[in-house]
Amino acid sequence: MEALLASAIGLLTAVGLYLMLRRRTFPVILGLTFLSYAVNLFLFASGRLALDAAPIIGASDSYTDPLPQALVLTAIVISFGMTAVITILAIGGFLTVGHDRIDLDGDDEAPK
Amino acid sequence: MSLALIAALPFLGACLPGLAIRFGRSACAAATGAVTLLALVLLGLQAPEVLAGKVVQTRIDWLPALGLNANFMLDGLGLLFAGLILGIGLLIILYARFYLSDRDPMGQFYGYLLLFQGAMLGIVLSDNILLLLVSWELTSLSSFLLIGYWNDRPEGRQGARMALAVTGGGGLALIGGMLILGQIAGSYDLSVILTEREAIQASPLYLPALILILLGAFTKSAQFPFHFWLPHAMAAPTPVSAYLHSATMVKAGIFLMARLWPVLSGTWDWFVIVSLTGLFTMVLAAKIALFKDDLKAVLAYSTVSHLGLITMLLGFGTPEAAAVAIFHIVNHATFKAALFMTAGIVDHAAHTRDLRHLGGLRRLMPITFTLTLLATLSMAGIPPLNGFLSKEMMLEEAAHIAWPTPWAMALAATLGALLSVAYSLRFLAHGFLGPERSDYPQKPHDPGPGLWAAPAVLVALVVLIGLFPNQTAGAMVNLAASATTGREIGLHFAHWHGFAAPALWMSLAAIGGGLVLLGTWPRLRAMWDATPRPEAKRMFDGIIEPLAADARKLTTVLHNGSFSRSLALGLAAILAAGSYAFLSAPHQPGSRPMLPLDIETLAMGCVLMLAALATPLLHRNRVIALILTGAVGLMIAPLFVRFSAPDLALTQVAVEVVTVLLMLLSLAFLPAESPRESSVPRRLRDATLAGIGGLATGALAFAMLTRAPAFEPISSYHLAQSKPGAGGTNAVNTIIVDFRGYDTFGEIIVLSIAALVIFALSETLLSSPAAARRLATLPRREESGDRHPMMPVVATRLLLPMAMMVGTYIYLRGHNLPGGGFVAGLVFAIAYLLQYFASGYDWSHARSRFDHHALIGAGVSVALLAGVGAWAFGLPFLTSGYTYLHLPPLGEIELATAAIFDLGVFLCVLGAVLLALASLSRLALKTGERPNTTAFDLEEPR
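Keeping their order, the protein sequence lines are chains C and E. For the first sequence, counting from 1, position 51 maps to 51 in the working numbering; every step adds exactly one. For the second sequence, counting from 1, position 605 maps to 717 in the working numbering; every step adds exactly one.
By construction, these hints were calculated from the structure, which means they are not laboratory data. Backbone N, C-alpha and C fix where the C-beta goes; we use that ideal spot for every residue, glycine too. A couple of the hints might just be wrong.
Claimed, not checked - One side of the interface only, derived from the structure: several residues of chain C facing chain E at Cβ under 7 Å:
hint, residue
1, A14
2, P27
3, L43
4, A45
5, A54
6, P55
7, S62
8, Y63
9, Q69
10, A70
11, I76
12, I86
13, G93
14, D100
As the list claims (entries may be wrong) - FRET-style restraints, in silico, Cβ to Cβ:
hint, chain 1, residue 1, chain 2, residue 2, range
15, C, V97, E, G837, 52 to 58 Å
16, C, V97, E, F694, 51 to 57 Å
17, C, H99, E, P705, 52 to 58 Å
18, C, V97, E, E785, 17 to 23 Å
19, E, Y829, C, V97, 50 to 56 Å
Stated by the list, open to error - If you want the footprint, here are the derived chain E segments under chain C, 3+ residues with CB under 8 Å:
hint, segment
20, 315–323
21, 735–746
Put together the whole structure using the sequences plus the hints.
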């Protein structure tokens, strides 16, 4: 189980990083989304894995660590807020300058 | 509390001018003045206690573990300086109101001025040297803003930069020196340090500490060889020069030397370094001042010279000399501030400050002339003005110094005084005396009282202190001097000390010599022009420019405007550092037992990973990429369920739906495809970096999961207290709304701000012509014939009340079972979003009764009230309480204040999500879409 979750976290990170290294805004936003999935899962994993141990008092015999869950819960909502902000930034950039490249015009690597 | 308030007032008030400028320039100045006046009144309330010989203290713990506390103290020295800062500050505010032109942004000016004032007050009121250092750096920063206020002028920018580089560099040295000092004394509190004289002077670190501290003081107070920044700072508006260079900024270094005088002075090192630096600066700057033509440049070098004089007096190390230094601080502040202001008046009236083009202003500007005359004579040290008193006392002290020979110090000090007489008289003679000139660009005349009132007050002080020193400044100076030196000082001021006093003859020699220099000035000037001399600015630039060029080269290598390139570089650096750490230590596998893999979880994980893997392969088609991303997000939810996190699963599903909807909407304004534009090697590079990053993160996660926590988790407390302490059985929810309620409060505010930012950005786009043009010409996608078909409209209508019921249920049960305000807000938001999707923005929005902004505001207010409500019971912010209510048909109902807080969370989330999506929808209206007026398309008008 642990190996499965760890590979999922690793893969999500890799996909997030690869997409963030793209040159257009939309893939970068998706990359950030992937990265926040990975980070949220990682934070959640810091409470270690447990089956049938939801931290509801009285519902089971043992409880998993509720603190990482509380942190991740708010993190999920905040990452939505951040995704929304960069999305409108991307739209604004596209509508203002007419393209959705993320690089400045002075970039010599960028295709003209 | 009161001392902290005095220091904090200018900072708090710094936002006022920017607001008050909407009501006019006088209102702006009045608001600024009111802040300063209030601080001055508060200071005045403390004065009687200080005058009675006590030290007022305010102690607030800030970071006690670091020794950093907001400790303030007010003794005679602090009172004198704080009085000067606030008193002259008031006059500057008045003067600036009439000095600044209509084009100058006045709110900004006064805002900066108050920031600077607060920083200065922080320096002179701090009892903690770390706090003092913070204030010290703040004065460097705020003076940068003030000096560069006219940022459209290159000399303003350069002067500000130079002042920041020099004083900021000195500030770094000062930090080192102060930390050493604190280490030796065993405390960062000044009141403790000041009692540790023996320990400090006996320490082997005394000399390094002394040199570092003096570097800070000398750079700030423009002592040789750091004197060059001050004249370049004259590019600032005159009120700034008058404030910074008479009573405040440059006196900070002096203040520091006076403050630490009891522990640092009295050693041979102190005497030699400080008194010789001061002496040399005094003579050198006075000589330069004699040959400057710009009124402000003369005053600038004169300031440097007088600062040298004060430094020299402090360097002598005798209590009497230190007392004279304090007296001269007062006198210099009065006459120099007045002179800067009159120089500004002349500049305004004659449109030039060049002494070669001025002359004969005596008749043209009689009021300005009278003020300048009195202040200049005081600067020259002519009896009976206040400058004379302190200058003569300075000469007397110099005459008592028998090093290196019995007369050398006295001679050099007399030379300084002589040059000072000469440049003062030239200032007067070439500017105001002589024949009236007719070649002024505009005939100068006296300004209104708004401009001359402030210097007039100061000149009145110059005369009053000069005539009645014992009745006016005497008590304050003696008090401050006693506080500085730590022993009782009872100076008596007199104009006449008898024929036996050496100072009399030195004074006469200075005046006589000064007159001779003035008489032979044209010849001296020719000599001066003929001799080559080092130019400080060129030397400074010679050091700075290569550094800046190298920095620029390095920056271009690392960051050439390509975001992905700098990201890749940063990523590579992080991975390199991580790999180094990983490879340079041995590793053992973790020993925590693993859970057995089951088929359901494996299936979930496989779907998730397949979708994730497909995304980068198919990402160029953006809709597909988005769908795959959504699939990954949705697959995370069952994983959360599997691993005992039902709350997270609920939130993940709800957020995922909202996120995908938002991104779908945003795709309407973005290209549908990402072009293939990266070369194969580049994609390989990115894939390698991403692969290593993913591998590392995965390995890290695995290492963590297979090990027990290094420290006992603190959450056993939360689990144990969830029911008895917070009244709920859902520990995650009680942590969010109760144990860590403060965090959550911050988080909903962040979310609200994010929504407002989205709204503001979309407003900007809506009002931008370029964006509107692109919106109108966006390629329209192929659309289905029905824009708002009936079926989904009916279905979403049916769903709305059900979704609301579910949302309410989730909210209500959240305290005990999975759910809560976050999820409930998202469920409501989705229900509303579906209405928008089904019937269109206009139709739905016209029917929504609640403004999204109001929802957000209500949410934050409700959460705040739930927190503040605890105060009514004498409990800390956000302490929650709960009780049980018995209602016969419903049974036992729990009432918890945390539920009110959760309601605030709910409202915030709902408002923020709706505002974000509504902002995007408003953009869609600009694409030329027809507004829809009916709920669904029954009879589409063709």
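Hints and how they fare:
1. A14: holds (3 Å)
2. P27: holds (5 Å)
3. L43: For L43 of chain C, the interface hint is violated, since the closest Cβ of chain E sits about 10 Å away, which is over 7 Å.
4. A45: holds (6 Å)
5. A54: holds (5 Å)
6. P55: Because about 4 Å separates P55 of chain C from the closest Cβ in chain E, which is inside the 7 Å limit, the hint holds.
7. S62: violated (10 Å)
8. Y63: holds (5 Å)
9. Q69: holds (5 Å)
10. A70: holds (4 Å)
11. I76: holds (5 Å)
12. I86: violated (10 Å)
13. G93: violated (10 Å)
14. D100: At 6 Å from the nearest chain E Cβ, D100 of chain C passes the 7 Å test, so the hint holds.
15. C:V97 <-> E:G837: 52 to 58 Å: Given a distance of about 54 Å, which is inside 52 to 58 Å, the answer is holds.
16. C:V97 <-> E:F694: 51 to 57 Å: violated (42 Å)
17. C:H99 <-> E:P705: 52 to 58 Å: holds (54 Å)
18. C:V97 <-> E:E785: 17 to 23 Å: Hint holds: Cβ distance 18 Å, inside 17 to 23 Å.
19. E:Y829 <-> C:V97: 50 to 56 Å: holds (53 Å)
20. 315–323: With 0 residues close enough to chain C, the hint is violated.
21. 735–746: The restraint on the segment 735–746 of chain E holds, since 5 of its residues have a Cβ under 8 Å from chain C and three suffice.
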